[in-house]
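Peer 1: The chain contents come next:
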Amino acid sequence: MLELIRHPWHWSVAGFLIGLTVPALLILGNKTFGISSNLRHICAMCVPANIPFFKYDWKKEAWNLFFIAGVVLGGFIANHFLSNPDAMVIAEKTKEQLASEGITQFSNLLPTDLFSFESLFSLRGFIFIVVGGFLVGFGTRWAGGCTSGHAIMGLSNLQLPSLVATICFMVGGILMTWLGIPFLLSL
Amino acid sequence: MEKTIQNIKSIPETKISVAKNLKYLVVGTIFGIVFVKAEIISWFRIQEMFRFTSFHMYGVIGTAVVVGIISVQLIKRLNIKTISGEKISIPDKVFNKGQIYGGLLFGFGWALTGACPGPLFAQIGAGFGVVAVSLLSAIAGTWVYGYFSEKLPK
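Top line first, the protein sequences correspond to chains A and B.
Here the first sequence stands for residues 1 to 187, where the numbers follow our numbering.
Here the second sequence stands for residues 188 to 341, where the numbers follow our numbering.
This is chain B alone, in the form it adopts within the complex (with noise of 0.2 Å):
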């Protein structure tokens, strides 16, 4: 017992600003409303993606990674700054074998839902009420991750 409250006491107090976050709740719609549009949010476009029957998704992710990687390599070169003057870093990923067994089990995952954890946001927000529990099914998996976390192979 004493042992949680110094846990909780450890933890300093942040208070969470609706108006300082409000403009990543107008990005994520804009992102919201791209899925949709785009039936990236769609089972039959995943499975289209891997039975190789369609371009779409592969020109949606390929697109999608060429902008960026131009944004990231033009903000690096004319060291581009945060709209309040930050330095922009970007932390490199360390690589693990969770990258590959976690991989291929959310791959599993991907082609059974045909949703990564954005389209499932998407999919409830566009009316689809049995994908909550797809949702709610994601958040137990990533808890029973966190809880066994310590001993899988890293």
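Bound conformation, chain A alone (with noise of 0.2 Å):
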């Protein structure tokens, strides 16, 4: 049993897991599921600085805290009892294009070789991991939600600007890698 865990989930299982969330936070408390919510209560709650925005209750949006505390120790627990004990399988297709655009690591679940502490420091690195952090965030907070709030949560309720935020999500991810990543790749 523990053995079949350690190995990568199947995508419909993961799916299916994640989809009973919208139930699961919906009955436990009437919440409604979203992460990048939690951006903003942390702003609010170290750095409000008196901007509208950020002046309201966080507290009563303790709950989402405590959800993404729960994200990271699930992360750990993944990790370091149930890691994959077999390297990554990248689709062939895949290895072949970011080979050819300058990624030399392929074995672990992040490129090691652009997602490090040495590579923050090079123009690269810093695009990927700083520029990259800061649209997520800004970006996430202007749409109004990210994958889970929009994606998942607003297309489970059949939310029609949910649909519009996910095709735009998607249409910037595709424009970003066809476009920018194999140019980013080379700096």
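The calculated EDC-like cross-link candidates involving lysine to aspartate or glutamate, where the alpha carbons are at most 20 Å apart (straight line), are:
| hint | chain 1 | residue 1 | chain 2 | residue 2 |
| --- | --- | --- | --- | --- |
| 1 | A | K95 | A | D113 |
| 2 | B | K263 | B | E273 |
| 3 | A | K31 | A | D57 |
| 4 | B | K202 | A | E61 |
| 5 | B | K202 | A | D57 |
| 6 | B | K207 | A | D57 |
| 7 | A | K60 | B | E273 |
| 8 | B | K207 | A | E61 |
| 9 | A | K31 | A | E61 |
| 10 | B | K274 | A | E61 |
| 11 | B | K284 | B | E337 |
| 12 | B | K207 | B | E273 |
| 13 | B | K210 | B | E273 |
| 14 | A | K31 | B | E273 |
| 15 | B | K341 | B | D279 |
| 16 | B | K263 | B | D279 |
| 17 | B | K268 | B | D279 |
| 18 | A | K55 | B | E337 |
| 19 | B | K210 | A | E61 |
| 20 | A | K31 | B | D279 |
| 21 | A | K60 | B | E200 |
| 22 | A | K55 | B | E200 |
| 23 | A | K59 | B | E200 |
Some chain A residues close to chain B (C-beta under 10 Å, calculated; not the full set):
| hint | residue |
| --- | --- |
| 24 | G29 |
| 25 | C43 |
| 26 | G125 |
| 27 | V164 |
Hint data in this document are derived by calculation from the structure and do not stem from the laboratory.
Model, not experiment: these values are computed from the prediction.
Positions of the beta carbon are idealized from the N, C-alpha and C atoms, including for glycine.
Two chains, two frames, some hints: make the complex.
Peer 2: What follows is the structure, encoded as structure tokens:
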């Protein structure tokens, strides 16, 4: 059993469990699933700076901070006790394309030649780690949600604005992948 | 100065109960494990999604949405209540241009970091320390959005 859990899970199992998060949070306490709101709560908690956007009672949303604390804990547990004994399996085509664009390490979940503290101080690493992170925080808040709030929760509730947002997430990602990343990897 | 004091007073004191919130920690933990075990936190899986070289992420998101839609429909039609007997209500999303502009910008960031906000937290838990820098930068991005929010098109 443990052996089975340690190997990468099939997409249907993961999708099923992630989908169940929606009713689980609703039934446990009338909470709507959405992770990026936590970035706002952290701002409201730590650096509200008298900005109207951060002046609200973030403590009422504390449940969500517990939720993401759980996500960190879950990441730790999965990595320490349930980690995959084998190297990551990546589609040949992806590997080929990325190798030609300058990625050399394929055995881990993240390419360690790009996501490391050494890389952080190169222009290439700075763009992927810092600029990328900034766009995630800025973009999700402007869009009013991320993959969880719009693509999962919003679509589950058949919300048209969430469909628009999800399509834009995908279009943005595809544009960056095809037009931006080959150049940025060559820096 | 006086204004600030007034503002502070206008926010009622809310106490955070650890006991009441523990259940969300448990759901989050399961969620984090799924993220790692299904390799959703992998930069490579996100690249495969955007390069159309693997079905994996489409399968994950598609299944999650189908399960979510069925669940929400069941809750609404069977009038299922919360465990404390409350009526379940899901606020509607209101359309604004931010979903387009912000959505595209988030898409750029998603492709670069290979992570949406959830996986950022799971990656840190899984020991990718440098992602803490991405998370701090995402918090900074949210803060900058908050600073300019009234001036941005909506």
